[in-house]
Structures are given as C-alpha cells and as structure tokens.
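If you want the building blocks of each chain, they are given just below.
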Amino acid sequence: EAGVAQSPRYKIIEKRQSVAFWCNPISGHATLYWYQQILGQGPKLLIQFQNNGVVDDSQLPKDRFSAERLKGVDSTLKIQPAKLEDSAVYLCASSLDGAGDQETQYFGPGTRLLVL
Amino acid sequence: QQPVQSPQAVILREGEDAVINCSSSKALYSVHWYRQKHGEAPVFLMILLKGGEQKGHDKISASFNEKKQQSSLYLTASQLSYSGTYFCGTAPSNDYKLSFGAGTTVTVRA
Chain A
10 EAGVAQSPRY KIIEKRQSVA FWCNPISGHA TLYWYQQILG QGPKLLIQFQ NNGVVDDSQL
70 PKDRFSAERL KGVDSTLKIQ PAKLEDSAVY LCASSLDGAG DQETQYFGPG TRLLVL
Chain P
2 QQPVQSPQAV ILREGEDAVI NCSSSKALYS VHWYRQKHGE APVFLMILLK GGEQKGHDKI
62 SASFNEKKQQ SSLYLTASQL SYSGTYFCGT APSNDYKLSF GAGTTVTVRA
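From first to last, the protein sequence lines stand for chains A and P. Sequential numbering from 10 applies to the first sequence in the working numbering. Sequential numbering from 2 applies to the second sequence in the working numbering.
It should be emphasised that the hints constitute simulated quantities derived from the structure, not laboratory data. Keep in mind that a hint or two might mislead.
[Stated by the list, open to error] Simulated crosslink set (SDA-like; lysine to any residue; CA at most 20 angstroms straight-line):
| hint | chain 1 | residue 1 | chain 2 | residue 2 |
| --- | --- | --- | --- | --- |
| 1 | P | 98 | A | 35 |
| 2 | A | 87 | A | 62 |
| 3 | P | 98 | A | 20 |
| 4 | P | 98 | A | 106 |
| 5 | P | 98 | A | 60 |
| 6 | P | 98 | A | 122 |
| 7 | A | 80 | A | 53 |
| 8 | A | 53 | P | 68 |
| 9 | P | 56 | A | 115 |
| 10 | P | 68 | P | 7 |
| 11 | A | 53 | P | 13 |
| 12 | P | 56 | P | 24 |
| 13 | P | 98 | A | 39 |
| 14 | A | 20 | A | 55 |
| 15 | A | 53 | P | 106 |
[Said to hold, decoys possible] Among the chain P residues that face chain A by a calculated CB cut under 8 angstroms, a handful are:
| hint | residue |
| --- | --- |
| 16 | 28 |
| 17 | 31 |
| 18 | 41 |
| 19 | 45 |
| 20 | 46 |
| 21 | 52 |
| 22 | 98 |
| 23 | 101 |
| 24 | 103 |
Just so it is clear, CB atoms sit at the ideal spot from N, CA and C, and this is done for glycine as well.
Could you build the full structure based on these sequences and the hints that come with them?
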C-alpha cells in the first residue's frame, strides 16, 4: 500500500514570497490533515479535511495560509506572503473515516520550508 | 491544549529500559504514540482508546490511565533502532483532532 505522498521535499524562499505544498493521501482515506512542525516541537494541526470539506481550521493563520481539497483526494497548502517564522516542516497526514483504531493518522515525509 | 511529556530526553545503553510519560489537563478519549527519526516523518506505534487495554508492539508497550489523564510508553530491553523522538498525541473526543506533546528524545548507545 502506497503511503502519503508530499512534494516538494525541500523549499527555500525569501520572505514575502509565496509557496505551495502538495499532498496525496493514502487511497481511500477520507480525512486529511496539514500540520506545521517547528524545529524541536511536536506537530501542530493547521487544518483538517473530511473528504473535501473543512472540519477544523481554527489554528490556520488565514491571513496568509490557505488550503484546499477540491475533489476529496489530494490537497494543496499555500502560504502567501511567507514570513520568517513560517520556517518549519509541513506534514500531511491521512486517516480512514472511522472510529477507534481507524482514526490512526499516517504521515507523509513532509516538506521542509526555509524562509530567508 | 498540548499534553506534557516527560522526560525531555533520555540516554540509554542497549538492553536498558525507559518510561516516557504523557499527561493531559483534559479528559481523554485516545492517546496516540509516534516515533520520529531525524529528518523523517513520524511513524505510528500504537493507539490507546478510552476503556481499552494496554497495547504492545515488539518490546514497546503503553498504558492509559483514564482517571489520571495520563499515558506511559515503556521501552523494554532497548535496541539501537529505538533511538528517535517519541511524541504522544491526545484527543479529547473521537473527532480525530490530535494535540501533540513536545516530544521525548531517546538515544540508545551500544
């Protein structure tokens, strides 16, 4: 079974530029998550999708971050304009639409963003 | 609210045991444990559900004390491959929304 795919793996941009990350979840997984992981910290949830609808985006800085999952499969996360403090690893995860053990989240390799 | 993990770091020799704790100020529905090696994605270890049993995975096991809102991860007879940062993720309900702790870095030396 293929895992969660993300691209690009690395990105270096200057502040005020824009950047986009792509995620393709595990086939059949209805729920998709975007996390931000700053060096030395645990992942912080930015946004959660159930199919193509947003379940939770309470921690997404909406003035500069946006995300979409138009067909309920792959997703993009965009930052515009980027700030220095956005330097982090952006992790995508997916899980089955279920309860109990099916809520296990599987993570992709992440995109490491450096804002200069 | 982010759970609190302790200790922040631990250094072990091969074959030694360790315990990592995860505490929450809120009632919990589930606790998820992950291990992340440097530069890699977090890898799922196990999930403990409210009312469920203690879980085990090879020589790594975990318990969940619902009354104390705590979970502990036990590394038994540690191996070099156990090195990494261990994160607990907690969910107050079955809405799959996890809050992760800051992590515990485990270093196992030969």
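Going down the list of hints, with the structure as the test:
no. : hint           : verdict
1   : P:98 <-> A:35  : holds, 18 angstroms
2   : A:87 <-> A:62  : holds, 17 angstroms
3   : P:98 <-> A:20  : violated, 27 angstroms
4   : P:98 <-> A:106 : holds, 13 angstroms
5   : P:98 <-> A:60  : holds, 15 angstroms
6   : P:98 <-> A:122 : violated, 24 angstroms
7   : A:80 <-> A:53  : violated, 25 angstroms
8   : A:53 <-> P:68  : violated, 26 angstroms
9   : P:56 <-> A:115 : holds, 18 angstroms
10  : P:68 <-> P:7   : holds, 19 angstroms
11  : A:53 <-> P:13  : violated, 28 angstroms
12  : P:56 <-> P:24  : holds, 18 angstroms
13  : P:98 <-> A:39  : holds, 14 angstroms
14  : A:20 <-> A:55  : holds, 19 angstroms
15  : A:53 <-> P:106 : holds, 18 angstroms
16  : 28             : violated, 17 angstroms
17  : 31             : holds, 7 angstroms
18  : 41             : holds, 7 angstroms
19  : 45             : holds, 6 angstroms
20  : 46             : violated, 10 angstroms
21  : 52             : violated, 10 angstroms
22  : 98             : holds, 6 angstroms
23  : 101            : holds, 3 angstroms
24  : 103            : holds, 5 angstroms
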